[in-house]
Structure formats: structure tokens, C-alpha cells
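Participant: Reconstruct the complex from the two isolated chains, following the hints.
Quick mapping for you: the protein sequence lines, in order, are chains Y and F. Take 1 as the starting number for the first sequence in my numbering and just add one per residue. Take 1 as the starting number for the second sequence in my numbering and just add one per residue.
Among these hints, one or two may not hold up.
[What the hints assert, rightly or not] Straight line, CA to CA, 25 angstroms or less: simulated PhoX-like cross-link-like pairs of lysine-lysine:
#1 Y:90 x F:8
#2 F:8 x Y:162
#3 Y:162 x F:49
[Stated by the list, open to error] To spell it out: a stretch of chain F is covered by chain Y in this simulated footprint if at least three of its residues, at any positions, have a beta carbon under 8 angstroms from a beta carbon of chain Y; those stretches are:
#4 17 to 24
#5 27 to 34
#6 41 to 51
[Unchecked claim] Some chain Y residues close to chain F (C-beta under 10 angstroms, calculated; not the full set):
#7 78
#8 85
#9 89
#10 162
The set of hints was computed from the structure by calculation and includes no laboratory data. Beta carbons: idealized from backbone N, C-alpha and C, even for Gly.
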Amino acid sequence: MKKRSSLMKMILLMAVGGLAGGCAGLGMMLGREKLVPLAQDLQLWMARSYLPLQLAATLLCGGAALYFFRRAKPLSGPETGEGDFERGEKLLFRSMTALSVLMLLSLTLFGCYGAGLFRLMEEEGSVWLLLLPPAVLLASVMLVVYGQVRQVRLTQLRNPEKRGNPLEMTFQKDWLASCDEAERYQIYRAGYHSYRLTNTALMVAWVAAVLLGMVFGTGLLPVLLVGALLGVHTLSYYWAASHDPKTGKRPEEERRTP
Amino acid sequence: MPLENRLKEYRARLDLNQAQLGSLAGVSRQTISLIERGDYSPSVTLALKLAEVCSVRVEDLFRWEEDNHEKA
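So here's chain F without its partners, still in its complex pose (with noise of 0.2 angstroms):
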């Protein structure tokens, strides 16, 4: 997946647990847990959710690479 993102990196931040997380923007534990190992892209609401939580903007979440979107 081309989407990079630190989404493990803002949680341990908040000092929450997967589960916290996903309580907080609406999804569950999996969820959260899939998005950190990049298994999941999220949909725009769910990222922009999960920005809000984390009290950061969607691009210091999630990011783009182009070199990734090349190799693909």
C-alpha cells in the first residue's frame, strides 16, 4: 500500500491501547490494528476521524509517498 503512517507513533503519544483508540474514532481494535501494519487504507471520513482524535492534521498522519506510488 502507498500510504505511510504514523498512526502507531501518535497513539503511544496519547498513551492509548488499540481498543481506546478505535472507541474513540468509532471502529474497532482490528481496525486500528490493521492500519498500523498498512494492511488497510482508511476512507477519508475514518482518516479524518482518527486526525481529529489525535488532535494533528490528516497529512501528519497519513502520507503519500510519490517513490512508493512509482514502484507501484
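Isolated chain Y, as found in the complex (with noise of 0.2 angstroms):
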């Protein structure tokens, strides 16, 4: 009876899902007329604003950063008691996700500009708008590696027994083999419900990338995109989970090998 209405459930979630996308796919179509200028000009505005979002993205996520990293500090000494030990470790992580923020936005923001870039040199034509925001993004990923630097550098100094450099490309590497193992157990768990998530995520934006190219035409790029990026994601989970990262055998092999 339970295995039933499970499968009950599954299915009418599918027929919701695929009926609330043929509604949008539908409503896309019909109202292409709007849509599309719409889009254009939306795309036309995000490229000429991108200095002054650039700017305000810049202003509130760093600001955020370094007040939070500015009240972490002072609770991060060897004779901090454990209480404000506690509170400065929650201090440094919202200083962190306001960095990654930063990043995020400021890819995106960047991504945005560079979509309307051309129609913007058709109507402006400035040799300012193909050389400041390139320069502008690299500031701001400049300033947001400083400041992950700096972050790392701190919670080296509250847990002395981590290691590596920030700046290195084994950084990674290195930091995981330096936890102990309810650090990986966090690590690990974290991964998985970002794994979990992404496969929705990816599952969306494969939908809207099917729609979107039917409504305005954007091409196969998109959905050859993000069925690339499934695919990689979905693969990736499989293999790990049946090899062993360090050496790449399985588990049967390895216990074969003398």
C-alpha cells in the first residue's frame, strides 16, 4: 500500500511538473511578441548599468565581508574563551558568504553585460565600454581572492593544525588532508546535499534552456550546455562512488593487487 501511493505520488508529481512547463512553454510562445523586446531591452540596460551594479555589489557584499572579518578577529586568539570562539567562527562564515557572493554577482553581472555588449557598441560605440568592465571584473575577483586569502589566513591561526596555501593549486588537497575526521564528515556531507541540490538545479535550468531556445531562439549552446554539465556532474558521482579517488581502482581490485 505504501510502495503504491509512493509511486502514486511520484507520478502525479510528474504530470504537474511536465504540465506547469508545457503551460510556461505555452505562455512563452504566445506572448513571444512582448517577450522578446522585452528581453532586449532588459539585456541592453544590464550592459550599460553594469559599472554602477558592479560598484554596489562591490560596496554591500565587501563591506558585509570585512565587518564581519573585522568582529571575527579580535575572538580569534589562543586565550579566547570558548563561547566567543564559537561566536567569532560564525562571524568569519557570514564574512565568507558574503565574499562568494561577491563572486557570484560579479560573474554574473560581467556575463550580463557581455550578452548586450554588441547591441551596445551598435548604439554607443565607445572604445571605454569594450576596455573598463573587463578591467573593473578583474579588480573585483582581485579583491575577492585577497579577501578569501586573508579568511583562510585567519581560520589558520584559530585552528593552527590546518594546512596549506591559499594560493597554491594543491591548496585543496592539502586543507582536506589536515582534517580530522568530523571535519570530513562535515566536508562530505555538505558535498552530498550540494550534489543533491545541483541535480535539481541542473534538471531546471535544462528545462528553461529547452524553452527558451524554442521562444527566442537562443540555439543548441545552451542545451548542449547544460546536458554537457549533467552529464559531467551525474558521472562524476557514479565513479567516485565506485572508485577509489587516490588510486582509481575499484575496491575489488585493489584487494586483488598484492
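Facilitator: This is the structure in C-alpha cells:
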């Protein structure tokens, strides 16, 4: 009885999802004449407004990161009480989150600027439109990297057993090697949670790419890109689950090897 | 988690902070904090190490509650 109700629930969910997607697609097809110019105007506006938006994002997120970092620093010494130490950890986590959000926003805003660049060049044709935004993006990324290095150094001050230089390519490997069992458990748990969420997000992205292709004529590339990401995401998980990531062998192959 | 622990109590008896106990057991301060809060159940090896540091038996330090297990 329980199995049948789970099956019915799954069928119902798929049917509702299909219906919602169909309605969205139909709505977009019917409203295409209004939607396409609206999207093009939005693209142009994003390209034109890249610099002020980037500045606002940097001030907001960068400011928040700095604020939380400064509050965490005095709560990080070896003589700090346990309650204050935990508070310092939460503040440092907020600082890291703010910087990650800034990085995401910077890349997204620059992507939007790039999407509207050709039309903007046709209308305004200034060479600064080509030079200034990439320089601003580079400055923003360097600011994020600098902030993240400071955050890692503070984490290492709080937890002296942590190893790794954030500026080196082997940082993640060195950091994981210096984590003990509980920290690795947290990392693996967070990794699995992220895997499940990304699975859903990529499926939604695939549906969106197909609908946008039908309505706005975005072509093959978005669908192929999302498909490729979904493939890498899923297959890499299955491979890692059945092989030792260090040796690349399956457990039964390792047992056979003398 | 169905595992009850008295780690904080024994740590207080030894007058150690989390970092010091972690150092003696070969784990981080954060791990000690997670175990004390009940957010992480240690491996057998770590449980034995902690019991040795606290000079008690593992069963005195950690207890698996039958009632909690049934509820789970």
C-alpha cells in the first residue's frame, strides 16, 4: 500500500511538473512578440548599467565581508573563551559567505554585460565600453581573492593544525589532508547535499534552456552546455562512489592487488 | 544522534579547554565541540583515545541509549 502511494505520488509530481512546463512554454510562445523586445531591452540595460551595479555589489558584499571579518578577528586568539570562539567562527563564516556572493554577482553581472555588448557598441560605440568593464571585473575578482586569503589565514590562526596555501593549486588537497574525521564528515555531508541540490538545479536549467531556445531562438549551445554539465555532474559522482579517488581503482581490484 | 556523551563533564574535571583536549586526542578543537554538542559521533578509534586521555572507560564517556534508538 505504501509503495503504491509513493508511486502514485511520483507520477502525480511528474504530471504536474510536465503540465507546468507545458503551460510556461505555451505562455512564452504566445507572448513571444512582447517578451522578445522586453528581453532585448533588459539585456541592453544590464550592459549599460554594469559599472554602477558592480560598484553597488562590491560596496555591499565587500563591506559586509569586511565588517564580519573585523568582528571575528579579536575572537580568534588562543586565549579566547569557548563561547566567544564559537561566535567568532559564525562571524568568519558570514564574512566568507559575503565574499562568495560578491564573486558570483561579479561573474553574473559581467556575463549579462557581455550578452548585451554588441547592441551597446552599435548604439554608443565607445572604446571604454570594451576596456573598463573587464578591468573592473579583474579588480573585483582580485579583491575577492585577497579577502579569501585573509580569511583562510585567520582560520589557520584559529585552527593551527590546518595546512595549505590558498594561493597554490594544491590548496584544497592540502586542506582536506589536514582535516580530522569530524571535519571530513562535515565536508562530505555538505558535498552530498550540494550534489542533490545541483541535480535538481541542472534539471530545471535544462527545461529553461529548452523553453528559451523555443521562444527566443537561443540555439543549441545552452541545451548542450547544460546537458554536458549534467553528464559530468552525474557520471563523476557515480565514478567516485565506485572507485578509490586516490588510486582510481575499484575496491575489488585493490583487494586483488598484492 | 542516539549516542549520549559526558565528554564536557570529564573535560571540566581535567581542567582542559577544547583545544587542549583536542591536541591530546589528536583532533581539532572543532571536533571536540561537535562531539560535546552531540552533532558528531566519534569513530571507535577516537572514542578510545578520548577515554584514554580522560582516564575512564569508553562506556563511562559514551552511552548508547536504547530508548533513543527505538524512537529513531
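Participant: A separate judgement is required for each hint: does it hold in the structure or not?
Facilitator: Evaluation of the provided hints:
no., hint, in the structure
1, Y:90 x F:8, "holds (21 angstroms)"
2, F:8 x Y:162, "holds (24 angstroms)"
3, Y:162 x F:49, "holds (21 angstroms)"
4, 17 to 24, "holds (count 3)"
5, 27 to 34, "holds (count 7)"
6, 41 to 51, "holds (count 3)"
7, 78, "holds (7 angstroms)"
8, 85, "holds (8 angstroms)"
9, 89, "holds (8 angstroms)"
10, 162, "holds (8 angstroms)"
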